[in-house]
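Enquirer: Okay, here's what each chain looks like letter by letter:
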Amino acid sequence: MTDSAHREMWEKLDLDLEAHNALLEVLGKFYGDIYMSQQNRLQGAEYLDFVLSEIHGLRIKELREAQAEGRKVVGTFCVFVPEEITLAADAVHVGLCAGAEAGTELAEQLVPRNTCALIKSFIGFKMAKLCPYTESCDMIVGETTCDGKKKAYEAFNEIAPTYIMEVPQTKTGAARALWKSEVLRYLAEIEKLTGRTITPEKLKQGIRTVNAKRQALQRLTALRAANPAPISGRDALLVNQISFYDDPARFTAKINELCDELEKRIEAKDGIAPAKTPRLLLSGCPMAVPNWKLPYVVESAGAVIVGEESCIGTRNTRDLVDESGETMDEMIDALVDRYLRIDCACFTPNSERLDNVAELAKATHADGVIHYSLLFCQPYSHEALKVDKTLAAEGIPMLSIETDYSMEDVEQLKTRVEAFVETLA
Amino acid sequence: MIVGLDIGSRSIELVGMKNRVVVRAERVPTTFDPLSQCGKLLEGLRPDILVGTGYGRNLIERLALNCECTVITEIKAHALGAGHLFPEAATVLDIGGQDTKAIALSNGKAVKFEMNDRCAAGTGKFLEYTAGVFQIPIEEFGQYALKGENPPEISSICTVFAETEATSLMARGEQPESIALGLHKAIIKRTVNMLNRVGLRLPLVFSGGVANNPCVRSLLASAIDARENEGLLIPDSPDMVGALGAALHRANS
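Chains as they are written, first to last, in my numbering: chain A, 1 to 425; chain B, 1 to 253.
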């Protein structure tokens, strides 16, 4: 991953080359330990390995080539930013780096110490000049999901101009009206940025592209219900992580190929772990690339992860946009409705998430659920208690984990997770 | 012989069993070289099966013993050990050198547990550290604290801040015994919270080295509306329960 071929490009992006090389080296080693050590992995994982190895290389080169053709790059932090609209203006939609401990000390100059690791990470990546995505963006979009992010964008805006979408906190009629006006405001902003008019045809194409991507991921989710589990949770998480920055059409094709391979495996009763392996569902906060800490701990404890109920998981893929709309108005309404179905913990109430977690646990034949909250993430920490109650009523055991990106608690996490797995046996 | 080895942060315990009967039980401090300490405990023993548990459980792979080696977590080990000593046990509390665990049992199996995460607040280490402030050996700290009256409220269970708080209480002229009692009460408050989170049911078995402390025992008993031997059950050698459970893991199968 320390390919010097990209050095010139990183220089142009004004990255801190030395620190960036060090980051890629750590990432490469981390990836080797966690991913390349897996036995009986899928052939389709070659795509994952390649994309990940070029995460800061070829993909950035593609973004720059798109820009040379006059297309714009839009960077986001949240599944609420409608990719369909970005694509309808021929712009590129990417998720920004927020999954590794980087530039923490710098970030703590802009946000309080007791801010979640994800927020500190994206600010740290920017301040330490480590994220080629952030540096490649023509527009960065933030959103008012939790208080931590909302206030962090105010500070972030001072170092990287950030457009903010107001995500409502309830799902009332008035909230829907607000959200619709925000979707329309985003559409106008994207048109202004790109100098292109979003026609109904273009929007329809955008909706189809993103629906196809989500359908491929839905297919993957459904195949993971098989026993023995045909794919490791680590690899499935990586698929979801990559969905945020690879080209959507290429990604969709590759993931469908991977699903074809999975179907054959399932037919042959071949799995990544024996059939009696305890199956666990992860639920809670998003795990942005390269946050593989908990999945690695879980799968090293003799369990297999069969689903991710998170923004980098089913929260992003469960719902499709209704494609029956023909006029601009109908399509915008379909988009607004689809995005308001997202069961983010920033909503009050958010009882549909409780049903969704229980349903997913049953659909994936999970023996238990591990609820994951980032330290200082109030919305998900609150909901951990509610999810626990809901699952207890369904007779599904749950372990609640609160952690961050640092490695200092790995031993304690191992003990908890191993003990949880022991209780399931 | 089946050997259970509980490699904790402060001490290492060994229990050897033959035909489900304990034939050997020994304990050494962990020190900075736990591997050699394990070697000492195992000297002259030829286990058929070795079961490791505790914080350093994975060290057993490096002991290069010519026998089957396996590991279980300390949660499972304490559940097994406590359930063996007291078949009626409904909940287990283990306070060790650097962590506290509350375990709910059902038919002798751990079904729900809580433990402190990255901070060792309110554990054996806390007592050891604060006993040092009073210049009292850890073994006598509980007796000392029992002499206290009207203990001041210690609001911090952070080892470092609790020391600061204790020091300023001394400067205010509070009786040191009472301050010591206050420190013990702070641990109990936190421990009972943890017990409640797993749905405390009596009888409660209290294991781990801290169960040797008479002040912790007595405060815990009144906090959970129990008495020693009535609701609150304390093994004769509370620090050996983990190693016993580890041995039982294979002795039972």
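Because the hints were derived from the structure by calculation, they are not lab data.
None of the values given here were measured: they were computed from a predicted structure.
Quick reminder that beta carbons are idealized off the backbone N, C-alpha and C, glycines included.
Be aware that a few hints might be false.
Here are some chain A residues pointing at chain B (derived, C-beta under 8 Å) [what the hints assert, rightly or not]:
#1 Glu158
#2 Ala419
#3 Glu422
#4 Thr423
Derived DEER-like restraints, expressed as beta-carbon distance ranges [as the list claims (entries may be wrong)]:
#5 Cys158(B) to Arg341(A): 40 to 46 Å
#6 Gln135(B) to Glu105(A): 34 to 40 Å
#7 Phe161(B) to Arg341(A): 27 to 33 Å
Enquirer: If a hint holds in the structure, say so; if it does not, say that too.
Expert: Evaluation of the provided hints:
no., hint, in the structure
1, Glu158, "32 Å, violated"
2, Ala419, "4 Å, holds"
3, Glu422, "5 Å, holds"
4, Thr423, "5 Å, holds"
5, Cys158(B) to Arg341(A): 40 to 46 Å, "43 Å, holds"
6, Gln135(B) to Glu105(A): 34 to 40 Å, "39 Å, holds"
7, Phe161(B) to Arg341(A): 27 to 33 Å, "46 Å, violated"
Checked against the numbered hints given earlier, the structure breaks hints 1, 7 and satisfies all the rest.
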